[in-house]
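Number of protein chains: 2
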Amino acid sequence: MRILILGGDGYLGWPLAMHFSGQGDDVAIVDNLIRRQVHIERGTDSLTPISPLLDRIVAWREVTGREIAAHVFDVSDYARLLALIEEFVPDTIVHLGEIPSAPYSMIDRDHAWKTQRNNVESTLNVIWAMHEVAPEAHLVKLGTMGEYGTPNIDIEEGYLEIEHNGRTDRLPFPKSPGSFYHLSKVHDSHNIQFACRIWGLRATDLNQGVVYGIHTDDTERDERLLTRFDYDELFGTALNRFCVEAVIGHPLTVYGKGHQTRGFLNIRDTLQCIELATRNPGPTGEMRVFNQFTQVFSVMDLASEVCAAASHLGYNTRIEHLENPRVELEEHYYNPTHTGLLELGLKPRMLSEELIETVLHTVERFKDRIRARGIDPATSWR
Amino acid sequence: MRILILGGDGYLGWPLAMHFSGQGDDVAIVDNLIRRQVHIERGTDSLTPISPLLDRIVAWREVTGREIAAHVFDVSDYARLLALIEEFVPDTIVHLGEIPSAPYSMIDRDHAWKTQRNNVESTLNVIWAMHEVAPEAHLVKLGTMGEYGTPNIDIEEGYLEIEHNGRTDRLPFPKSPGSFYHLSKVHDSHNIQFACRIWGLRATDLNQGVVYGIHTDDTERDERLLTRFDYDELFGTALNRFCVEAVIGHPLTVYGKGHQTRGFLNIRDTLQCIELATRNPGPTGEMRVFNQFTQVFSVMDLASEVCAAASHLGYNTRIEHLENPRVELEEHYYNPTHTGLLELGLKPRMLSEELIETVLHTVERFKDRIRARGIDPATSWR
Chain R
1 MRILILGGDG
11 YLGWPLAMHF
21 SGQGDDVAIV
31 DNLIRRQVHI
41 ERGTDSLTPI
51 SPLLDRIVAW
61 REVTGREIAA
71 HVFDVSDYAR
81 LLALIEEFVP
91 DTIVHLGEIP
101 SAPYSMIDRD
111 HAWKTQRNNV
121 ESTLNVIWAM
131 HEVAPEAHLV
141 KLGTMGEYGT
151 PNIDIEEGYL
161 EIEHNGRTDR
171 LPFPKSPGSF
181 YHLSKVHDSH
191 NIQFACRIWG
201 LRATDLNQGV
211 VYGIHTDDTE
221 RDERLLTRFD
231 YDELFGTALN
241 RFCVEAVIGH
251 PLTVYGKGHQ
261 TRGFLNIRDT
271 LQCIELATRN
281 PGPTGEMRVF
291 NQFTQVFSVM
301 DLASEVCAAA
311 SHLGYNTRIE
321 HLENPRVELE
331 EHYYNPTHTG
341 LLELGLKPRM
351 LSEELIETVL
361 HTVERFKDRI
371 RARGIDPATS
381 WR
Chain A
1 MRILILGGDG
11 YLGWPLAMHF
21 SGQGDDVAIV
31 DNLIRRQVHI
41 ERGTDSLTPI
51 SPLLDRIVAW
61 REVTGREIAA
71 HVFDVSDYAR
81 LLALIEEFVP
91 DTIVHLGEIP
101 SAPYSMIDRD
111 HAWKTQRNNV
121 ESTLNVIWAM
131 HEVAPEAHLV
141 KLGTMGEYGT
151 PNIDIEEGYL
161 EIEHNGRTDR
171 LPFPKSPGSF
181 YHLSKVHDSH
191 NIQFACRIWG
201 LRATDLNQGV
211 VYGIHTDDTE
221 RDERLLTRFD
231 YDELFGTALN
241 RFCVEAVIGH
251 PLTVYGKGHQ
261 TRGFLNIRDT
271 LQCIELATRN
281 PGPTGEMRVF
291 NQFTQVFSVM
301 DLASEVCAAA
311 SHLGYNTRIE
321 HLENPRVELE
331 EHYYNPTHTG
341 LLELGLKPRM
351 LSEELIETVL
361 HTVERFKDRI
371 RARGIDPATS
381 WR
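Protein sequences, first through last, are from chains R and A. The numbering used here puts the first residue of the first sequence at 1, with every later residue one more than the last. The numbering used here puts the first residue of the second sequence at 1, with every later residue one more than the last.
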């Protein structure tokens with residue numbers, strides 16, 4: 001297949017590009033390198049040393065003999081996006097090209113708007129370009145489980161059968177997201193759903209949980225193929241951050257009570273899920289929605305798992321409850337459905353002590369690169 | 001009260017500014033004059049000759065001895081908005097400063113993004129500015145009934161009690177809007193609701209129906225105080241357009257079957273509704289939602305009413321069904337609730353033949369200004 005990956009230089013985008021390319025798919029990447037730039041702005045960095053995008057491409061060619069085409073521009077440049085899609089003729093456009101940080105979007109007005117502008121404009125450009133020059137393509141768009149918030153009812157996959165005053169309809173699941181970043185994804189979902197309905201486009205919206213893990217089959221083939229691994233307050237996800245904290249003797253920082261419960265998945269399963277969605281497009285005229293995670297944990301569950309694994313490696317780790325910088329429920333009902341990807345054949349890798357030990361060992365290897373300053377939360381929702 | 005009106009040069013904004021000012025409220029206007037500019041771009045214009053904003057201000061002073069402060073800038077300029085709010089210290093911010101046209105937003109990618117950018121950024125700026133310098137102010141934001149679309153269930157006012165698998169929650173009403181413009185208002189609603197929830201702001205979201213009518217008590221006091229009256233394909237609303245068509249002998253242009261059903265209200269009732277919301281703010285920490293219309297009609301109902309009234313004035317009018325440029329259901333269930341504003345004391349003016357005759361007489365008066373070229377739809381949803 002011809003696969004265009006927007007955001008192909010990112011934590012998930014780069015391993016995904018290799019994953020498809022390694023199977024013989026024709027892969028092109030677009031990225032504006034914004035994550036690298038934000039790290040420069042903040043004085044933080046990936047734990048893993050990551051090669052420049054063009055070096056990654058060269059390394060991949062040397063290791064596999066395969067070509068990944070890389071285009072460095074901002075998807076807000078509609079003319080360039082349109083020209084690329086017209087020339088490349090993708091079967092699938094995987095859109096990961098968004099700013100993915102809740103805290104970043106809450107810093108101030110400028111960061112809130114930068115996030116919503118980047119994300120909403122990029123997705124709007126993608127759907128207009130599809131409408132204009134690639135109406136047969138399949139859009140696979142990364143959303144987030146955070147779009148739903150924590151309602152007091154079961155979370156379904158994108159839509160809900162509602163009975164009200166004796167009448168029924170299947171409507172978009174009502175969403176109550178928890179940051180301007182999460183809101184940007186809700187806006188995207190509404191725009192995409194509309195485009196499918198009126199233009200007959202075909203899209204899959206993947207409401208992804210929190211990803212953990214550091215390696216995929218391809219990142220392990222050559223040091224230059226490593227993907228990024230963020231542990232700072234803006235881009236670090238919980239389990240990854242806990243592993244870094246354990247190794248440097250920093251308490252595991254749990255925000256508030258830690259009973260906040262979310263869906264999680266291994267980075268390898270992210271690749272599997274996106275591949276399943278890509279190889280099995282849904283019907284035209286519809287935005288199909290999958291909830292993309294494999295297990296539900298509370299933040300405390302994860303911290304305890306990391307404590308246990310770290311202890312077996314000889315680390316003496318403790319949990320510290322920080323005042324929660326976010327405005328969120330710390331005790332809530334949480335029961336999201338996630339059957340769609342399992343029905344397509346997803347074989348989940350459950351979280352294991354072995355996985356956590358692998359992450360801990362990788363953190364040990366790059367321990368001298370850790371900048372502890374960036375870990376504790378400086379951004380408050382209030 | 002100190003009332004800041006964003007979009008105070010518009011069809012509703014200008015009469016509203018006079019309405020409050022006439023009652024002794026301290027009124028300031030912000031407007032970027034975008035509607036006037038788009039008309040220049042398109043070679044169309046308001047039926048009524050409207051004075052420049054600064055002449056309106058002078059005329060109002062001459063007629064009433066009262067001052068309305070006018071600020072011409074774009075609300076996307078956050079620094080200026082912030083400074084103005086900090087200086088003016090509004091009790092209420094009425095936000096009408098959005099691009100209000102569904103067809104305009106469907107012209108192409110640039111118009112879609114211009115609409116979403118203008119609307120979402122302006123509202124985001126307002127809520128951030130309130131958070132920073134005016135947390136006690138009340139935001140009265142103009143939304144649209146078009147946010148809901150036409151679900152097969154009763155439409156409630158903003159929220160819906162949902163029972164699902166034996167559990168219940170009150171969640172935002174699920175929305176399926178019909179254009180990138182309507183989507184921008186859905187995005188706004190989500191952003192405002194979040195801001196109220198996390199920052200304890202106070203807001204009222206007015207999901208307004210289609211407004212008709214040309215005069216308010218104040219616009220009739222002096223020719224220079226007239227409000228605009230649009231009848232072109234982009235900004236004209238159905239009943240207003242039909243009246244212009246009747247007077248120039250153009251068939252009344254109904255899109256498709258005309259069984260599309262919507263909520264409608266008189267421009268005088270718009271002022272009444274916004275005043276009721278302003279004088280009776282809801283609790284802090286909540287986005288209160290009212291559905292702002294007084295009657296439900298199908299497009300054919302309205303066309304027939306205009307035919308009848310025009311016929312009594314001696315016009316021989318016929319209805320022409322155009323191929324529908326929009327993608328929308330032409331036969332659908334429609335039963336929206338609208339009790340909130342009635343409970344606050346709204347006294348609706350129902351649509352009457354007399355009202356239509358008044359509009360027809362005003363159209364006759366300005367007949368030589370009509371540019372028929374701009375009436376028929378040139379913008380398709382497909």
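No lab work stands behind these hints: they were computed from the structure. We treat Cβ as the ideally placed atom computed from N, Cα and C, and that holds for glycine. A portion of the hints provided could be inaccurate.
[To be verified] Pulled a few chain A residues facing chain R out of the computed Cβ check, cut under 7 Å: (1) N165; (2) D368; (3) W381.
Evaluation of the provided hints:
{"no.": "1", "hint": "N165", "result": "holds, 5 Å"}
{"no.": "2", "hint": "D368", "result": "violated, 39 Å"}
{"no.": "3", "hint": "W381", "result": "holds, 5 Å"}
In summary, the structure is inconsistent with hint 2 from the numbered list given earlier, while agreeing with all the others.
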